[in-house]
Amino acid sequence: MVRFFGILIGLFFAGMMVYSFGRGAVEYVSNPPVKAVEYQFHEKPKEVSFASDGPFGKFDNQQLQRGFQVYKEVCAACHGLRLVAFRNLSDLGYSEDEVKAIAANWPIETPDIDPNTGEASTRPSIPADKFPKPFANNVAAAAANNNAIPPDLSLITKARGGGAPYIYSLLTGYAEVPAKLPEANRPGSGLHYNPYFANLNIAMAPPITADGQVTYSDETEATLSQMAEDVSAFLIWTAEPSLIKQKQTGWAVLAFLLIATILAFLSYKSIWADVKSEKKKKDA
Amino acid sequence: MSFPWAQQYKPTTEFGQWMDDRLPVGRLIYNSLGAGYPTPRNLNYMWNFGSLAGLFLVIQIVTGIILAMHYAANANIAFDSVEHIMRDVNSGWMIRYAHANGASFFFIAIYLHIGRGLYYGSYKAPREMIWLLGVVIYLLAMATAFMGYVLPWGQMSFWGAKVITGLFEAIPLVGKPIQELLLGGFAPDNAALNRFFSLHYLLPFVIAGVIIMHIWALHIPGSNNPTGVSVKGKQDTVPFHPFYTAKDGWFVGLALIFFTAMLFFMPNALGHADNYIPANPLSTPAHIVPEWYFWPWYAILRAFTFDFFFVPAKLLGVLAMFSAILVWFFLPWLDRSPVRSGDYRPRFKKFFWFGLVPCIVILGICGGAPAEEPYVMLSQLASAYYFAHFLIVLPLLSRIEKPAPLPNSITEAVIGKPLQQAS
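Note that the protein sequences, when read in sequence, are chains A and B. Residue numbers for the first sequence follow the numbering used here, beginning at 1 and rising by one. Residue numbers for the second sequence follow the numbering used here, beginning at 285 and rising by one.
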């Protein structure tokens, strides 16, 4: 009974599938799907490597500080870092006083209430504060940015499939609109052509436009690609502050497990030796 | 334990005797894991994944309980509370990444465990109950994993919840009320998040309970083995401890090496980038995909593109997806071949390795890919074979197949020649 109904149900489902496949195949052959224009002009993120890559990677604190400087001077006007606190900057090698100064002098103040009147007000930030948001809310953000909301950057390198190389490519990838690009895909007003962006047209104006836009305090030359790389490295850190600790812990755990597993394997071998030798004896 | 040659538990201390008369915990352990449980001597490494799945369930429960101490199940702060765990809780990143990757490893173990059962015929008499309880565990695990993925309240969490609960909408008449009951509203929101959290905390303990029955049922006939031939006497078995505790022990170490390598060096490799974007009901992700362990079923769901008379394609897809798993409940009665092990079933073996296995892999690839050609057509072919395999091939095969000669006993298969009747 089970098999009889089973075969009926099986025939129904399998038949439906073969029929659907047939109709799909006819459709596919007679009317082949056209790849969306985005796909033809879209580009994969550039190959770029970071000091923190790989199982032995480490953050380059000098680079993170440069990246933070780029963020502060270029990105921070529109993009928040709402999940990062000023105190976290000590990871980058800043001293306690430097962190205090960065927080206190941050151009956007932290929202608070006036301790005397209870009215909404702002005050200078302290290390315990998160980076204040550049816009009070999404409506304000959209209104100030041609209807596009600048995303928060705290997690951006983990929240985009291409990771940090994608951020780097996006920052350095602004280009002239190709002549062959169809009219429908050309950037409208307030949009900018960037083949690394999903739909080719991004609302963000090129943020890093010229070499030397930021004046680095170390020897490094502030070329366009250097600044893009530095800020991408900084955003790897904001997305995963414990990245290096993770890798170091991983090596310790792996070393322990390797020894434990070898010992466990040897005891397994010795426990089974008698059973296995019984087989050998009979074979002989 | 039913084998007459199983050793009997003898307390060695006075306290042990005292306990044995009152609460025989020692006897229970001895009979279930110790020398009181004779196990076929020829089990291969495919028999290691049951204990491994159990280990990963324990890892999930322990890490999950710790996460729940810091997580806040509220749609406004759930996402930030997960980031709080990642950034501010001491070693919180380790607990969270262990939990996120532990789910994947649990499913890797459980899939290999199910595959072992399918190939070696572990679902056949007298082990039907073990198999049925196993399918229940798998269904519960899928529900638990799905609800767990919603909790971080990222984009994939939100849209995954919307798509999966939206499936129930396809059911005629009662579909819409069922969907609203599941969500506690018309769309995923705080009510849905709260009930998912509550159930996500509850179900693992239900799973643990069903596992106890699964293992209890296992201890009546004992383990199947690669030959599929029943145990005939003492010479066919070894005591579970120390033989299989040692084998499971080192294999657990090996599995943990893979697990921790994943956890510490590529913790997000199996996740989706969109889930690091906070849930936004106004912005639909380009491709909504579930976690990898749901991909084959997701492919079957999306393979139905045409209405069947008055039955809409979506309802058919939902029915097919659930049937694809529910068919496992009938497997012991669909496959009537008296031979258990695929090693001795020449035709079954071909259908298994060249039919079922590639078909599941193709379904998996298609389920993770965007719903466009050629993936839709591929998943339609693979779904057709999937249903045909369980509902047509297996029932007919058991009638026409001529099995290879079976060894007389496990020991004969191990040693390679007939054994004189010693015992």
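In case anyone wonders, no lab produced these hints; they're calculated from the structure. Do not take every clue at face value.
As the list claims (entries may be wrong) - Within a straight-line C-alpha distance of at most 30 Å, the following computed DSSO-like cross-link-like pairs (lysine-lysine) qualify:
id	chain 1	residue 1	chain 2	residue 2
1	A	Lys35	B	Lys460
2	A	Lys35	A	Lys46
3	A	Lys247	A	Lys130
4	A	Lys247	A	Lys180
5	A	Lys130	A	Lys72
6	A	Lys276	B	Lys518
7	A	Lys100	A	Lys130
8	A	Lys58	A	Lys72
9	B	Lys446	A	Lys269
10	B	Lys598	A	Lys269
11	A	Lys100	A	Lys72
12	B	Lys633	B	Lys686
13	A	Lys133	A	Lys100
14	A	Lys58	A	Lys46
15	A	Lys35	B	Lys598
16	A	Lys276	B	Lys633
17	B	Lys446	B	Lys598
18	A	Lys180	A	Lys44
19	A	Lys276	B	Lys598
20	A	Lys276	B	Lys294
21	B	Lys446	B	Lys460
22	B	Lys460	A	Lys269
23	A	Lys276	A	Lys44
These figures come from a predicted structure and were not determined experimentally.
Original post:
Does B:Lys460 lie within 30 Å of A:Lys35 when you go C-alpha to C-alpha?
Top reply: Distance of about 36 Å is beyond 30 Å: violated.
Original post:
Would the pair A:Lys58 and A:Lys72 pass a check requiring their Cα atoms to be no farther apart than 30 Å?
Top reply: 23 Å, holds
Subject >> Pairwise hint evaluation, A:Lys72 against A:Lys130, where the allowed Cα distance is 30 Å at most >> reply: Holds: A:Lys130 and A:Lys72 sit about 14 Å apart, inside 30 Å.
Original post:
Hey, A:Lys276 versus A:Lys44, does the alpha-carbon distance stay inside 30 Å?
Top reply: 55 Å, violated
Subject >> 30 Å Cα cutoff - pair A:Lys100, A:Lys130 >> reply: With Cα atoms ~13 Å apart, A:Lys100 and A:Lys130 stay inside 30 Å; holds.
Subject >> Agreement of A:Lys276 and B:Lys633 with the hint, judged by alpha carbon distance not exceeding 30 Å >> reply: 28 Å, holds
Subject >> Proposed proximity, A:Lys72 with A:Lys100 (alpha carbon, max 30 Å) >> reply: Distance of about 15 Å is within 30 Å: holds.
Subject >> Pairwise hint evaluation, A:Lys46 against A:Lys58, where the allowed Cα distance is 30 Å at most >> reply: 21 Å, holds
Subject >> Satisfaction of hint between B:Lys598 and A:Lys35, Cα-Cα up to 30 Å >> reply: Distance ~26 Å between A:Lys35 and B:Lys598 Cα, so the pair holds.
Subject >> 30 Å limit on alpha-carbon distance, applied to hinted pair B:Lys446 and B:Lys460 >> reply: 13 Å, holds
**OP:** Assess, step by step, whether the Cα of A:Lys276 is no farther than 30 Å from the Cα of B:Lys518, and give holds or violated.
**Re:** Since the Cα atoms of A:Lys276 and B:Lys518 sit roughly 16 Å apart, the hinted pair holds (cutoff 30 Å).
Original post:
CA of A:Lys276 to CA of B:Lys294, is that 30 Å or under?
Top reply: 28 Å, holds
Hint compliance for this structure: hints 1, 4, 9, 10, 19, 22 and 23 are broken, all remaining hints hold.
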